[in-house]
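Residue numbers (numbering that gives the first Met the number 0), protein chains in the order written: chain H, 0 to 185; chain Y, 0 to 175.
Do not rely on the hints blindly, as some may be mistaken.
What the hints assert, rightly or not - Stretches of chain H that chain Y covers, calculated by requiring three or more beta carbons in the stretch to come under 8 angstroms of a beta carbon on chain Y:
| hint | segment |
| --- | --- |
| 1 | 26 to 34 |
| 2 | 42 to 51 |
| 3 | 115 to 125 |
| 4 | 163 to 174 |
No lab work stands behind these hints, which were simulated from the structure alone. Backbone N, C-alpha and C define an ideal beta-carbon position, used for all residues, glycine too.
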Amino acid sequence: MVLHEESDAPIIEACRQGDPHAFASLFEAHRDKVYSIALRFTGDPAAALDIAQDVFVKLLTRIRDYHGGARFETWLYRVTVNACLDRQKRRRPLPFIGEALDAILPARETTLAGLLRQEAQDHVRQAVAKLSPEHRMVIVLRYTQDLSYEEIAEVMACSRGTVASRLNRAHKILERRLKRFRYAQA
Amino acid sequence: MLKHELEAVLARHLGPVKAPPQLTCPSGISDSPAPNRATVRRLRPLAAAMAAAAALLLLFLWLRPPSSVLHSADPVQISAWLKLRSFDVPLRRDPPSIIHLTSAHVNGTTAEVDYQIAGRGARLTVSPPSAAAPASGSYRVVRSHLVRGQLFTLACAFPQDARTACLLCHMGAQLN
Numbered sequence: 000m001v002l003h004e005e006s007d008a009p010i011i012e013a014c015r016q017g018d019p020h021a022f023a024s025l026f027e028a029h030r031d032k033v034y035s036i037a038l039r040f041t042g043d044p045a046a047a048l049d050i051a052q053d054v055f056v057k058l059l060t061r062i063r064d065y066h067g068g069a070r071f072e073t074w075l076y077r078v079t080v081n082a083c084l085d086r087q088k089r090r091r092p093l094p095f096i097g098e099a100l101d102a103i104l105p106a107r108e109t110t111l112a113g114l115l116r117q118e119a120q121d122h123v124r125q126a127v128a129k130l131s132p133e134h135r136m137v138i139v140l141r142y143t144q145d146l147s148y149e150e151i152a153e154v155m156a157c158s159r160g161t162v163a164s165r166l167n168r169a170h171k172i173l174e175r176r177l178k179r180f181r182y183a184q185a
Numbered sequence: 000m001l002k003h004e005l006e007a008v009l010a011r012h013l014g015p016v017k018a019p020p021q022l023t024c025p026s027g028i029s030d031s032p033a034p035n036r037a038t039v040r041r042l043r044p045l046a047a048a049m050a051a052a053a054a055l056l057l058l059f060l061w062l063r064p065p066s067s068v069l070h071s072a073d074p075v076q077i078s079a080w081l082k083l084r085s086f087d088v089p090l091r092r093d094p095p096s097i098i099h100l101t102s103a104h105v106n107g108t109t110a111e112v113d114y115q116i117a118g119r120g121a122r123l124t125v126s127p128p129s130a131a132a133p134a135s136g137s138y139r140v141v142r143s144h145l146v147r148g149q150l151f152t153l154a155c156a157f158p159q160d161a162r163t164a165c166l167l168c169h170m171g172a173q174l175n
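All chains should be modelled from the sequences, with the hints used to inform the complete structure.
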């Protein structure tokens, strides 16, 4: 992951001074990352949009609280992760990810190869969707944002060991769930 | 499934996505880049169709014969109708009951307001100051004066109505 902390610093400072144009730049720089985490965690485009919008509203109102103690992206990811986990607590189990995917995928494939690719994608996302929120979040941060164990630990406010343990456990669960599919593909 | 295989599968299927345009900046200022060429290309036929529709609408409005006659006894309605056609005719809101408005006409640069005085015909003509005293058919011109760059000409079927005819616009006291 490449952090643009140095180039973001003047923009962040301008945001803290209340410059709306600076905030717009910050929004454009991070909108895809925040939305990606929310979408991969929830599997629901509408919920992801809600979460991302909430995160940026919080960012707008709380940017003054950011004093550079943590890297800005880490701080932003933490806000996003907390928004995702809060939503998970408030809501009933998330809708089945396969249905949500229909809304975001551009079009269903029609060729055999395309159908197989589509099926593989659905299986992977369904398997991830069934993980517990903590396991799912480490998987999302690891594979959607390509964060290191240390960065995930910082975002989730836990130790590196906890991240390694959660990832290991999540890998095992996913391996088991996807094995059957792999054999079916073979 | 080997660990590196699993990691490759997860990276492939859980990669980052682009946020939809519905995600808006809460500061109210958009810093979005200009639409890309593909979007512009896709929207071009739509823009052309909208431009053509707008041109047709303008042509229709331009060619459409303007409504040149209004039948009404309401002085407010007639004044407003004339105002829309660039004639400033300050008809009294409450003319005496002896006066009864019937219609208004516009013909080029001239407007006419027809009314009756105790059932006898009368006409107020508003025209540019350079225009000759308008022909009024069987009516006889009884009064003509210039107000705010417009020539107001009153004509009546009967000369005895000349004084009363002014009450269309003026209060009685102003006649003296």
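**Structure versus earlier hints, numbers of those that do not hold, lowest first** = none
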